[in-house]
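Visitor: Going line by line, the protein sequences match chains A and B. Residue numbers for the first sequence follow our numbering, beginning at 1 and rising by one. Residue numbers for the second sequence follow our numbering, beginning at 1 and rising by one.
The set of hints was computed from the structure by calculation and includes no laboratory data. Please note: incorrect hints may appear among the correct ones.
Residues on chain B that point at chain A, a partial pick, calculated with CB under 8 Å [what the hints assert, rightly or not]:
(1) E179
(2) A193
(3) T196
(4) W278
Using N, Cα and C, we set each Cβ at its ideal position, and we do this for glycine too.
Each chain is listed here by its residues.
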Amino acid sequence: MMAGELEIANVSKAFGPVQALRGASLNVGSGEFVSFLGPSGCGKTTLLRIIAGFETPDAGTVQLDRQSLLALAPYRRPIGMVFQSLALFPHLTVAGNVGFGLSVRRENAAEIGRKLSDILALVGLEDYEKRRIHQLSGGQRQRVALARALITSPSVLLLDEPLSALDLKLRRQLQGELKRLQHRTGTTFVFVTHDQEEAMAMSDRVAVFRDGLIEQVGPPQEIYRRPATRFVAEFVGETNIFAAVRESGAVYLPDIRARFPGGRSLPDAQQLLLSVRPENINLLSSNDQGGVEARVQEVDFGGMTVRFSAQTMIGERVLRVAVASEKANDIAPGMPVRLGIDLDTAAALPTS
Amino acid sequence: MTGSGTRLSAVGQAILATPKTLLVLGFVGSLAGVVLSSFLGKDGFPTLELYSQLLGSQVIQNVIVRTVWIAATVTVLCTLVAYPVALFIARSKHRNLLLVLVISPWLTSIVVRTFAWVVLLGNRGAVNAFLMSTGLIDSPIRIIFTPTAVVLGLVHVFAPFMVISILSVLLQQDRRLPEAGMSLGAGPIQTFARVTLPLSLPGVLSGGSIIYLLCSGAIVTPLLLGGLRDRMLGTQIFQELFELYDYRRAAGMAVILLVTSLAVVIPMQIIDGRIRRWTRG
Ligand SMILES: Nc1ncnc2c1ncn2[C@@H]1O[C@H](COP(=O)(O)OP(=O)(O)OP(=O)(O)O)[C@@H](O)[C@H]1O
Ligand SMILES: [Mg+2]
């Protein structure tokens, strides 16, 4: 079954003087898991609510399987939603909540009972049918909300920061379950999150929002390795941004007055803006030539990798560096180091 | 009170202790006095004679039934009138203005408002004039001094309580809950019936309890609009006290009033409490 293909084109929405969306566009394939990632107030929830039908866009189109959704009332859209606050019905039991969508459609009791036990088994809540919502833990409520939204087999499921209220351990566990559930049901998932690790770990593609626009859409690796803009580079993961000047066979970084070889994969322009991830900076030994002298500031030991900040002697730029632990055994604050930059893994950003 | 929020100093408590005690003693004491006196015979011995006399009287039986019936009718009508109003106000942008309009009748005294109904419902009143002009009736119908007039007057006086009671619950309701209903395929009517309405029942029940109590004890409206024949317990007690000076009978009827009201209101409060406990989450 191929269904659940979303096409969002040039959607704008203003709330009075606040421009929440300024022409956001995005296509989501059938059965795809797409995350919306971005700082607070950039329009993620607004776009989700427009897809669900709770807000009408000022301009733009929203299509599901090539049919416009805009004329359809929310309750006629084959779209499920998991709210940030969960919005479980406090006056109903778990069975009443989860079965709500079916009883609204007046399916017969036997059918409802069958689907109910199927979906409750799927989310691991078999014995909780008769419980009331206030008798459930946070994780259990989360599962009820998921089951409630999935039982009517929507083509698209919208999830607005569904895990943000949970503690880290439960969150990781539910992330896995959510991903498996999406795989099992083949439903298109649109998932809003603040947490970039969550977005990176779960999504087929990530849409990075900035100020009412979608700045970049792509698979997690691409977003990380080939950020389209300086904003994306800085928002997703850590990075070091340099202005750079191309020279023959090398690239000169005026900020730290250092020259690094390579950079053949970089664009042809004379003036460049580069994003260098911490892991693309390496420690050079004292008898190596070139590189840049720096002094280590604070050090985070993270198991396989050590992350540290180092301030360059020239230019006093603070760089973020990540190296494999075994190569940085004796790294300590105050230590002088010589750093190299692997320019072939750096990403060029638009200079304007 | 000293329970939550601000704490009073020991001095403050001591200063307030006297009026507090007086108030409690005065209220509980006089209530106990009323109850006790109704169970004492003229000879000073405990007896149920007064009650067998009161409850045996056809007139009093009619008054009790009429009181319960009118209070129940008014409560139901207030709910029917107030619910749509509360819903409209809850969804309106001009919430505060509308709320002021709803409670603005409280700026005039209940006597004045009730007299307005006398004017409207009288034989030459606006209602009869209108009905006759439409040709629905040939001669004025009697509305004033009937239970219908009392019910109308009481609904007018008490409906704002219900509006406020329902409104406060509706405004506290999570806006996402009806949206969740809609995202699950429930149209506006189903969403209302399955989500908004059940969750607002606590407001209906507390509003209903207040209105039922106020109606059972109402005096001014039944006195002015109900005339002399269709008495309610409140007016009956008023008459015993201020016209016949029979304090014992008045006390007996007050106890009957208390018991009949509590018999309705306590179950309502229990249901209300149970629903609130569920919905608090
Ligand atoms: N109903 C509304 N009325 C007025 N302004 C609104 C409304 N809904 C959203 N906004 C504004 O629109 C902007 C985008 O809001 P939105 O909720 O979409 O952000 P978000 O990306 O979901 O943020 P967060 O990550 O904090 O949830 C914000 O500036 C917000 O204040
Ligand atoms: Mg949001």
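Visitor: Evaluate each hint against the coordinates.
Guide: Outcome of the hint check:
no.	hint	verdict
1	E179	6 Å, holds
2	A193	10 Å, violated
3	T196	11 Å, violated
4	W278	6 Å, holds
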